[in-house]
Structures are given as structure tokens and as C-alpha cells.
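Chains P and E are the protein sequences, given in the same order. Start counting the first sequence at 1; every next residue gets the next number (this note's numbering). Start counting the second sequence at 1001; every next residue gets the next number (this note's numbering).
Bear in mind the hints are in silico, worked out from the structure with no lab data behind them. Heads up, a few of these hints could be off.
Said to hold, decoys possible - Output of the computed footprint for chain P on chain E, the stretches with three or more beta carbons under 8 Å from beta carbons of chain P:
1) 1016-1030
2) 1061-1069
3) 1146-1153
4) 1173-1184
The beta-carbon is built from N, C-alpha and C at its ideal position, and this holds for glycine as well.
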Amino acid sequence: MSEKNTRSDEHGHDEGHHDVPYFKIYVALIILFLISVAGPEVGEATGLRWITLITAFGIALVKARLVINNFMHLKWEKRLMKWMLTASLIMLGIMMAGVAPDVMNHEGNNWVNLAAQAAVERGLEDDHGEESEVVTVVEAQPVGFSAEASFGMICATCHGAGGLGDGVAGAALDPSPANFTDPVFWETRDRDRVLIAIRDGGVAVGASALMAPWGALYDEEQLGQMADYVMNFRPNQ
Amino acid sequence: MGHGRPIATTRSATGIPTARLAIWWVLASEIVIFGGLLSVYLMHRLGHPEWAAAAAHTQTWVGALNTFVLLTSSFTAVLAHQAAEKGDGKKAAKLLGFTILGACTFLVIKSFEWANEISHGYTITANTFWSFYYTAAGLHALHVIAGAIIMGYVAIDAYRGRELHRVEIIGIYWHFVDVVWIFLFPLLYIAK
Chain P
1 MSEKNTRSDE
11 HGHDEGHHDV
21 PYFKIYVALI
31 ILFLISVAGP
41 EVGEATGLRW
51 ITLITAFGIA
61 LVKARLVINN
71 FMHLKWEKRL
81 MKWMLTASLI
91 MLGIMMAGVA
101 PDVMNHEGNN
111 WVNLAAQAAV
121 ERGLEDDHGE
131 ESEVVTVVEA
141 QPVGFSAEAS
151 FGMICATCHG
161 AGGLGDGVAG
171 AALDPSPANF
181 TDPVFWETRD
191 RDRVLIAIRD
201 GGVAVGASAL
211 MAPWGALYDE
221 EQLGQMADYV
231 MNFRPNQ
Chain E
1001 MGHGRPIATT
1011 RSATGIPTAR
1021 LAIWWVLASE
1031 IVIFGGLLSV
1041 YLMHRLGHPE
1051 WAAAAAHTQT
1061 WVGALNTFVL
1071 LTSSFTAVLA
1081 HQAAEKGDGK
1091 KAAKLLGFTI
1101 LGACTFLVIK
1111 SFEWANEISH
1121 GYTITANTFW
1131 SFYYTAAGLH
1141 ALHVIAGAII
1151 MGYVAIDAYR
1161 GRELHRVEII
1171 GIYWHFVDVV
1181 WIFLFPLLYI
1191 AK
């Protein structure tokens, strides 16, 4: 490539001119740009999708490099500057590595992203048949509620998946979380009281303040279903 | 008030002129801003095969035209820098003028493109693909607008032969805006 003719041996060369063949760089950029536009056509004609990916993103990297080195003159900047920018890229990499597993997967060992799964399903269904000219405006769908899933996600952290009061987060609490399978517990409880405790928190029923109120998260019917779910732990008398 | 230049523009502990050090700091933070947005878009795109149907509606030739416009405006910006280095403020101002013209052309094309898409129902709330489309391209367009305005000030000064070093600084910023578009183009228009 033509930019090899330029002086690249001068490190930390601050002021003065860089004899960069700007016009040649510009022509190279335009040629690369034309290839990247033609890429999908070639990819489609040959049925090789990787051609499109290379012409799209591979060429973007080459173009960016040409601009950064020759137009922004990063090639001639002090090493400090390059490290500064590298630090930014490393931060970006850490962020990506951190969120990629959550964003790209729609389910894991202990969780399911119902909204994302539903979006994929709806979207792929829309894709079948004739393509409509006007995009169907997808309203936010209420995510399917399940008392069991909610208990597993929220209550089980302290009360345990089996309602034994042995959840991971509950181990350190004083008083310790209620054991729903204990007959003694049920001597002073009924469904109404359980419902109030779930909705308004432990304080509302004169129990531990460590039991948080969840009323803001669920509507009355869902709270009822959750109370029923808790009632299932009650041992037969 | 004392005469002369403020200390900040003359002092340089790093050996790099303060203004240039500052613009690189700006760009280092921009890397995280645009990089974060684009990488999250990419992750969603890979996790949502159905986005391909939405992405198929972006108009490749419009994006291509804008890519050509921005590449060319970057070329005139670097030529302006070259002229400023030789002390030719008038030529630098004229070339910056061409770059501003490129910025305006870019924005006019973009506004026709968006008006067309919005009139077909592809709005920012249509689905998450379009949300990303308008957010990423919109944030980029804001940078184009800001760059064009600042370039106007720099060009006026340069025309009078003042503050010629600023031509390089606004140029570095402008090339970065170009680089962001270089990545936006394949992400939003080519990979379908």
C-alpha cells in the first residue's frame, strides 16, 4: 500500500509535516468502500454469507485504520496517546465481556428472559409469508406471570425453594425467614395475613421488618396467586 | 487582565500540545460512548434472529451515499490541516467550508431517509432494532451537527489567519465522526 512510503520511523514526532499521500489514501478508502457495498451482492450470488461479513466488517476495520493512522496522524503521536485510547478500548472490552452472556442468551441455569424469547418468536412469525409494507407496531406484551417462577426468583432467596426458610440470603437474617412447612408457623397465619405480608411487608402484620413489601411489583390477582402458592407449603393437619 | 495566551494552551508536560491532548481525551471517552452503544446493538442483533427482517428495510444505497459524503469530507478536512500547516489560512478555511458542506449534505440525506422511514411506520418505538437504529445514527448525527458548527468558528478564524492550530484539532474530531460512521454503515446497512 502507498502509505508505506511515509515516514514511520519518527516516534513522538510532534510538529511539522507528515508527507502522507492524502489523495492516494482517499482513493484507497473509496475503493474499499465500493467493495464493501458490492460484498452483499457477491455473497448472495455465490451463497457464501461469510463474504459479506468480511467485506462489511473486515473492510470497516481496514478503512478505520487508514483514517486513524493517516488522517488523524495517530501513527506519529506519542505512545502515551495510544495507551490512552487502548485503555478506553480495554474498558469497552470488559463491559462487553460482562454483559454479553446476559444479552445474547435468553435463558440460563436459574433464569429465563421471557420477554426476549417472546420477541424472537413474534418476530420470526411475522417474517413468514408476504412481507407487509407497514411494520406491525409491537406493543409491549405483559410477561406471563407464574406464581412458581416469582416465588423461585424472589421469595426463595430467603425462604428457600422448598419454603423451609433456608434460602441463601436468609442465612444471615435475624429473625430468620419463616419456614412455611412448620405447623407452628401456621397456627397464627391464614391466607389473608400471608397476602398482606407479601403485599405490604412483614411490618404490616407485626412480623419482621426484614420481610420486604412486594406490592409494587404485582397486581392484586398475582399477589393472590402467590399467597396461594405459599399456602401449598402448609402441612396437612 | 494580562496579555498573551493562557497558560493551558502553552504548557505541555506530556510533550503533546494541550489542545491535541484534550481532543484525544474527548475521543477516548467517545470510544466508550459509541463503542458501548454499538457493541450492545451487535449483541442484541446476534441474539435476535428476527431483527434481520427489520434490518432488511434500511436503504443500503442511502447509507452508501452518506458514507461517500463523509469519507470525502474527511479528505477535505485533512487537506485543510495540510494548508494550515503551511500557514495558508484562507485555503484552510475554504477546505473546511467544503467539509461543512459535506456535513450539511450528510444531514439533508439523513433527514430525507428518516422522513421516508418514519412515514412507512418504522419509528423509534416500532421495535428494538429501530430503537437502536435511530439512537445510534441520531447520536452520530448530533456529533455531525456539533462538528459542523465548531468547524464554522475555526474556519472564520483560519480565514483571518488566526489560531491555525485549531484546524488540526477539529480535523481529528471530524475523522473520528467519520470512523464511527465507517462502523455504523456495515452494522445498520450492509449486514442484513
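Status of each hint after checking the structure:
no.: 1; hint: 1016-1030; in the structure: holds (count 8)
no.: 2; hint: 1061-1069; in the structure: holds (count 3)
no.: 3; hint: 1146-1153; in the structure: violated (count 0)
no.: 4; hint: 1173-1184; in the structure: holds (count 6)
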